[in-house]
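Below, each chain spelled out in residue letters.
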Amino acid sequence: MKRVTLKKVIVISSLLTLLLLLIVLFSLTVGSVKIKPQQTITIFLHSLMELGEKARDAEEMIILSLRLPRVLLAGLVGAGLSMAGVIFQVLLRNPLADPYILGVSSGSAVGTILAILLGLSTASFGLPVASFTGALLTIGIVFYFGRQNGKIHPNTLLLAGVVTGSFLSAVILFLLSLSQKEELHTILFWLMGDFSFSNFISFRIIFPYILFGFIFLYSRSRHYNLLLLGEEGAIQMGLSVERLKLLSYLSASLITAASVSVCGLIGFVGLIVPHGARTLFGADHRLLLPSSALIGASFLILSDTLARTLLAPVELPVGVITAAFGGPFFIYLLRRRKGVKTL
Amino acid sequence: MRSHSHPFRCYKKPWVLYLLGLLLLLLSWREMASPSSIFIDEVGRKVTFPGPPKRIISLAPNITEILFALGMDEAIVGVTLNCNYPEKAKEKVAVGSYIRVDFERILSLKPDLVIATGAGNTRDMVNRLERLGIPTYVIFPKKFDDVLQSILHLGQLLRREEKALSIIQEMKERKQKVIEKTKSLPRPRVFLQIGESPMVTVGKGSFADDLIRLAGGENIAGEERQMYPRFGREEVLRRSPEVIIISTMNPKGDYDRMISEWNRWKTIYAVKQGRIHLIHSDLIDRPSPRMIDGLEEMARLIHQGPLLRPPEKESK
Amino acid sequence: MIEVQSIYFRYHQDWVLQDISFKIERGGFVGMIGPNGSGKTTLLKILYRLLSPQKGQVLFEDKPLQKMSRSEIAKKIAVVAQENYPLFPFRVEEVVLMGRSPYLGSLLFEGKKDLEIAQRAMEWTEILPLRERYLDELSGGERKRVFIARALAQEPEMILLDEPTANLDIHHQLDFLNLILNLNREKGLTIILASHDLNLTSEFCDRLILLQKGRIYCVGSPEEVITPENIEKVYGCKVWIDRNPFSQSPRVNFIVKENQP
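From first to last, the protein sequence lines are chains A, B and C. Okay, so the first sequence: first residue is 4 according to our numbering, each after it adds one. Okay, so the second sequence: first residue is 296 according to our numbering, each after it adds one. Okay, so the third sequence: first residue is 5 according to our numbering, each after it adds one.
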């Protein structure tokens with residue numbers, strides 16, 4: 004494998020995008036109700052042309068109102084979590100880091116559970132807002148405690164994040180014990196990751212976060228390569244490390260917060276997709292970031308499709324599927340590391 | 296876009312107004328032409344659907360039972376996985392559990408009416424059905440008498456008012472009989488167990504609590520504000536019930552095990568007197584026409600056998 | 005070229021460096037020597053502004069280091085120091101190209117000129133045949149040369165080296181220092197080298213700065229600095245100084261206890 008050039012990035016990204024489109028089409032076709040692929044394509048193209056017209060028959064409704072928002076949202080969240088995972092792994096210099104390591108997810112969960120207990124429905128606008136607010140507050144707390152003398156030490160930040168996360172987990176359990184039966188179900192599914200209430204509004208809300216997050220992070224991708232040499236090494240190469248770290252943590256945390264606010268806690272995506280992409284394409288972030296995003300989108304869309312079709316009409320939480328993939332992969336990773344020189 | 300023209304300037308031209316008026320008139324005719332029915336459901340929502348419903352989906356087992364009782368079985372196109380009564384209900388297409396439904400399947404069944412219950416289905420589910428444009432009627436019975444109301448409402452909804460009234464009449468009469476029979480009998484303290492680990496009982500506002508009261512018993516958890524409070528065995532010991540009724544899905548099979556479980560606590564009055572009974576869960580937690588069976592069974596279990604009060608009532 | 009004016013530095017409570025002042029002219033080959041804890045590494049880190057002194061300032065070509073941006077500094081000063089292993093493996097070529105970073109700014113991909121400069125750096129350090137190999141596959145000596153190549157790719161005017169010959173065998177130590185010497189003589193790069201090895205620094209450096217407990221003990225040519233008195237005062241052990249027969253540079257000979265006069 005040679006080094007990463009612009010051409011290489013474009014070629015691989017295009018191939019992965021093609022794969023993603025195929026998976027999107029596949030997911031729109033597959034479901035607990037059988038619809039023929041040709042029909043799916045026709046409906047899809049139709050909808051692109053007649054924007055705004057209400058769907059009339061059941062098949063159209065199923066594809067456009069039920070499956071399409073799920074697929075789009077799953078793709079967006081998959082991309083977001085994967086990118087955040089890449090960034091956290093390089094910033095914390097820890098290949099086992101995932102987007103939830105700094106406790107953002109727990110804060111989000113507390114916000115969501117409170118909202119559900121107060122009566123907000125998962126289809127409403129208020130729930131993602133409550134979720135996001137919880138996440139933002141947590142980011143604030145963790146960063147406040149994680150900085151020393153204006154500098155971010157990875158270990159201090161990690162500690163602050165883990166401690167905050169643990170505390171919030173206790174809060175979550177407390178709130179759960181107060182919940183009534185019906186609320187418990189909704190909460191539990193949210194905690195395990197749930198795309199069943201996806202809608203276009205959520206998509207529109209988080210799309211800018213993911214998009215701008217990607218643009219920002221990608222513009223710094225060469226700098227992340229430098230960070231891999233260690234902070235001293237990066238400074239030797241002329242990098243303003245502190246500013247980069249702060250802005251990157253914030254971007255990655257915001258992306259995570261946005262993702263979690265619309266579908267709950269989906270685990271393993273942010274951990275295994277970066278590793279998978281790195282194994283395939285190398286550690287150069289100029290290729291790693293876009294490939295992780297695209298692979299993450301495909302992976303989560305497929306997982307969600309499996310979650311809703313495996314045991315239809317019963318729907319599994321998508322977090323179960325990602326964990327089923329993630330667990331074995333994790334073990335494989337650990338075994339592989341034994342052969343690699345320790346850091 | 297002309298930035299100078301006022302957006303509402305068109306209103307200054309009279310013929311536009313006439314045209315709008317005509318349009319509105321035509322639209323209202325359209326509304327009047329189709330005999331659509333407007334109902335207000337039990338949680339205050341407005342439900343509209345054109346014509347008598349021919350494809351109904353039930354989202355809870357009690358609703359299914361009511362629909363079958365009203366003779367609507369032909370019109371039912373979808374039920375839940377939990378709908379097990381009557382036998383015919385098991386043959387219908389299942390759209391999910393009453394907590395989570397498969398919306399794709401619901402859409403593919405092309406229903407013109409979905410009936411949900413506020414005690415079981417989630418508000419979320421109902422909102423989403425609304426969003427998808429499917430008329431949804433929500434019932435929300437909380438006490439025995441509410442069940443009668445729900446049956447009536449559904450009867451009116453489905454143009455089976457007569458049948459509904461006859462069902463309600465029968466249930467009322469049987470309930471009266473139970474009250475008469477138990478009026479003069481002493482009111483024993485009853486503990487109703489509906490869960491094993493943890494042990495859950497029924498508090499204020501639950502159906503079973505209402506049934507106990509109507510059946511002439513005194514629910515030892517009747518003052519608990521939680522609908523399904525958790526009691527430890529010590530708590531039961533402290534409150535010393537005279538009758539223990541255990542709700543289970545398999546009364547015959549569970550009998551021996553349950554009795555032996557309780558027999559270890561001989562200080563409880565009910566155990567000492569051998570007053571532990573089992574009742575089928577479906578009869579007492581499902582707000583359907585069978586609830587009257589539940590009430591009768593409950594009365595029979597509470598008042599059977601010799602009732603000996605403890606010599607002194609210990610302070611609680 | 006670089007002037008240090010009365011700098012004081014501490015990490016926590018105690019001063020690690022006190023009242024350090026010296027000046028190094030362009031093209032100099034200067035060695036920093038002193039026992040463990042004398043502050044050599046800290047001083048080096050201050051010279052490229054990884055650390056900032058609490059008092060005093062550093063001037064690079066009469067411009068205060070504080071006022072220069074990090075990338076400006078990186079274009080002038082390159083560092084070859086103790087390296088962390090990169091978190092994930094990189095190839096030699098990629099590592100050398102990282103040296104072009106200060107010139108790339110916000111550009112994401114290296115251009116033709118960058119590739120040429122990297123190539124020349126690898127030729128100079130004789131690691132071109134290794135360009136596709138992964139960093140962790142190389143020997144210690146080869147790895148050091150990769151980092152010099154990276155430093156060269158920065159097109160610096162000055163190179164700072166921290167214990168570059170530690171863990172290398174004699175052959176590689178000499179190779180390495182000859183390489184550095186050539187950089188100094190042929191390319192005119194100013195070299196500042198911190199080392200434990202008194203004889204190697206004596207052999208290769210024009211001037212030496214001897215540090216003791218965070219202060220400058222003395223500055224001068226190897227002959228002036230490496231004297232038995234200085235060594236005994238600073239290192240606390242008796243040594244015998246004679247001359248290297250070939251270069252006439254001062255040579256330190258150990259005196260084992262039983263052989264002491």
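The set of hints was computed from the structure by calculation and includes no laboratory data. Careful: at least some of the hints might be erroneous.
[Claimed, not checked] To give an idea of the interface, some chain A residues facing chain C are shown, with a C-beta separation under 8 Å as derived from the structure: (1) Leu9; (2) Ile13; (3) Lys39; (4) Arg96; (5) Arg207; (6) Glu235.
Don't be surprised by glycine CBs; every beta carbon is placed ideally from N, CA and C.
Hint check:
no.	hint	verdict
1	Leu9	holds (5 Å)
2	Ile13	violated (11 Å)
3	Lys39	violated (44 Å)
4	Arg96	holds (6 Å)
5	Arg207	violated (29 Å)
6	Glu235	holds (6 Å)
The structure fails to meet hints 2, 3, 5 from the earlier list, while all remaining hints are met.
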